[in-house]
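Undergrad: Listed below, chain by chain, are the residues.
Protein chains: 2
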Amino acid sequence: MSKLKRNERVGALIKILCDNPNKIYTLNYFTNLFDSAKSTISEDLVIVKKLMKDLKLGRVETIAGASGGVRYVPYMNLQSTRETLSKICKILKDNSRIIPGSFLYMSDIIYNPIYVRKMGKIFATKFMDKKIDYVITVETKGIPIALMTANYLNIPLVIVRNDNKVTEGSTVSMNYVSGSTGKIRTMYVSKRAIRKGSNVLIIDDFMKGGGTAKGLSDLMKEFNATVIGIGVMISTKEPKEKLIDKYLPLMIFERGGNREEINIYPNEGLFV
Amino acid sequence: MSKLKRNERVGALIKILCDNPNKIYTLNYFTNLFDSAKSTISEDLVIVKKLMKDLKLGRVETIAGASGGVRYVPYMNLQSTRETLSKICKILKDNSRIIPGSFLYMSDIIYNPIYVRKMGKIFATKFMDKKIDYVITVETKGIPIALMTANYLNIPLVIVRNDNKVTEGSTVSMNYVSGSTGKIRTMYVSKRAIRKGSNVLIIDDFMKGGGTAKGLSDLMKEFNATVIGIGVMISTKEPKEKLIDKYLPLMIFERGGNREEINIYPNEGLFV
Numbered sequence: 001m002s003k004l005k006r007n008e009r010v011g012a013l014i015k016i017l018c019d020n021p022n023k024i025y026t027l028n029y030f031t032n033l034f035d036s037a038k039s040t041i042s043e044d045l046v047i048v049k050k051l052m053k054d055l056k057l058g059r060v061e062t063i064a065g066a067s068g069g070v071r072y073v074p075y076m077n078l079q080s081t082r083e084t085l086s087k088i089c090k091i092l093k094d095n096s097r098i099i100p101g102s103f104l105y106m107s108d109i110i111y112n113p114i115y116v117r118k119m120g121k122i123f124a125t126k127f128m129d130k131k132i133d134y135v136i137t138v139e140t141k142g143i144p145i146a147l148m149t150a151n152y153l154n155i156p157l158v159i160v161r162n163d164n165k166v167t168e169g170s171t172v173s174m175n176y177v178s179g180s181t182g183k184i185r186t187m188y189v190s191k192r193a194i195r196k197g198s199n200v201l202i203i204d205d206f207m208k209g210g211g212t213a214k215g216l217s218d219l220m221k222e223f224n225a226t227v228i229g230i231g232v233m234i235s236t237k238e239p240k241e242k243l244i245d246k247y248l249p250l251m252i253f254e255r256g257g258n259r260e261e262i263n264i265y266p267n268e269g270l271f272v
Numbered sequence: 001m002s003k004l005k006r007n008e009r010v011g012a013l014i015k016i017l018c019d020n021p022n023k024i025y026t027l028n029y030f031t032n033l034f035d036s037a038k039s040t041i042s043e044d045l046v047i048v049k050k051l052m053k054d055l056k057l058g059r060v061e062t063i064a065g066a067s068g069g070v071r072y073v074p075y076m077n078l079q080s081t082r083e084t085l086s087k088i089c090k091i092l093k094d095n096s097r098i099i100p101g102s103f104l105y106m107s108d109i110i111y112n113p114i115y116v117r118k119m120g121k122i123f124a125t126k127f128m129d130k131k132i133d134y135v136i137t138v139e140t141k142g143i144p145i146a147l148m149t150a151n152y153l154n155i156p157l158v159i160v161r162n163d164n165k166v167t168e169g170s171t172v173s174m175n176y177v178s179g180s181t182g183k184i185r186t187m188y189v190s191k192r193a194i195r196k197g198s199n200v201l202i203i204d205d206f207m208k209g210g211g212t213a214k215g216l217s218d219l220m221k222e223f224n225a226t227v228i229g230i231g232v233m234i235s236t237k238e239p240k241e242k243l244i245d246k247y248l249p250l251m252i253f254e255r256g257g258n259r260e261e262i263n264i265y266p267n268e269g270l271f272v
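Protein chains in written order, with UniProt numbering: chain A, 1 to 272; chain B, 1 to 272.
Mixed in with the good hints, there may be bad ones.
Same chains, same label: a pair holds when it works inside one copy or across any pair of copies.
[Stated by the list, open to error] Okay, derived cross-link-like pairs now, EDC-like style, lysine to aspartate or glutamate, Cα gap no bigger than 20 Å in a straight line:
id, residue 1, residue 2
1, Lys53, Asp19
2, Lys53, Asp35
3, Lys5, Glu43
4, Lys237, Glu261
Simulated from the structure, these hints should not be mistaken for lab results.
Work the whole structure out from these sequences, hints included.
TA: Okay, here's the thing in structure tokens:
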């Protein structure tokens, strides 16, 4: 490969950094890759940082010290956050989505990468500055959003199961009351999945009473893990009192007097 | 925002295109965004294309015609593919992963975005040129890899369930024989999830006898859908005869005479 020009190096730097969110690259890595002096790469990075900031595409930051280097921090600004959530709300509010039992059909949205990568980026933006070791979710519908959140935070995802699977080895279990059915259920996670004393972020698709999030929080205690945050795609307005105190919904779901009347809107708490 | 310089536009173009794999952007979109002439953007794109090619970072291509424009096509070259899979094999081969019942503990790898985004990119590279409408998987362990594949292909993911869930509305079901347990099970998917006559790509984490993939293929017939390909992260060497004919494994799992002896290696078929 012939030596790159500045505009080519800037492009390559952005591609490499953004493909690996939150991964720290040393300056040496780039001086070797581009066969360029440290001062040259430093100048390139000044351009990259300014550009990302000006175009609101995220943040590229330098970390000082022995284990230092440069990394891309994914970021979604408030305007894009509002636009994204308003669009999803508009899609979900469609009356043709109400299915027997007065449930809302959402699988096409919560499994679609176009929407889940944006919602994952919103959660990552909100929890970026906390020191989080794992994203935790319980199967099945929250997995895509949780995976995308973990992807932007560049940390592992742990999927808690609703059955005790042979492929998980020795497991830890926890009973909980499912908000949607009111039944007592059991959740299981491999003992190997979470290091003792970790910090975790719980992500799920839907919260009504908060029973599942409460169960996950209780399960985390078995690992001496600290729940740094709980993020849900949609929480219901009623009941107002949930089984857990602090959680961050992206959208709020509200039912009218007639059960067929529904409303879904972005959580204004995100924008203050 | 002041007018951008060439190196800034090149960086921004790469970021925007790569954040949205396979999405077609018109030239007008960029002339408006950067307040620049078409000829200027065209010259920028020549630099972007050459750079992506030279650094083997993927392909940026122009699509002619009324619905034309420019898009980023994710791509993983054979060398990176081999390095990625060799690394995952090395991790999985560790004897401490063998759990009671002679199963292999893999959840930390198949849920970790660092690995699944690379495996998703390999599948996307292999199936990029086919016209695929949906990626299909069955819960739970294949979901992360399937989602990342769908992400790079920029198409929706459909998750088939092992229970008939009230949130799916009216469903279509199919019986199948699970290869790992030998039991007859039933899988369900919402009638709304797949348009009749679509082309689908099936992605799963593990294949032994091929019963699950066969069940998914049979289920697709109910939607008059064509199975364009079947990708699995790992397939077992034995039995050689699977219930389906054509499938693409990333890695092969082989057991020694002693059930505690295992071997996992990249599928050489990927590199020919």
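Undergrad: Are the hints correct? Go through all of them and say.
TA: Hints, one by one, checked against the model:
no. : hint            : in the structure
1   : Lys53 - Asp19   : both (17 Å within a copy, 16 Å between copies)
2   : Lys53 - Asp35   : between (27 Å within a copy, 18 Å between copies)
3   : Lys5 - Glu43    : both (13 Å within a copy, 15 Å between copies)
4   : Lys237 - Glu261 : within (14 Å within a copy, 54 Å between copies)
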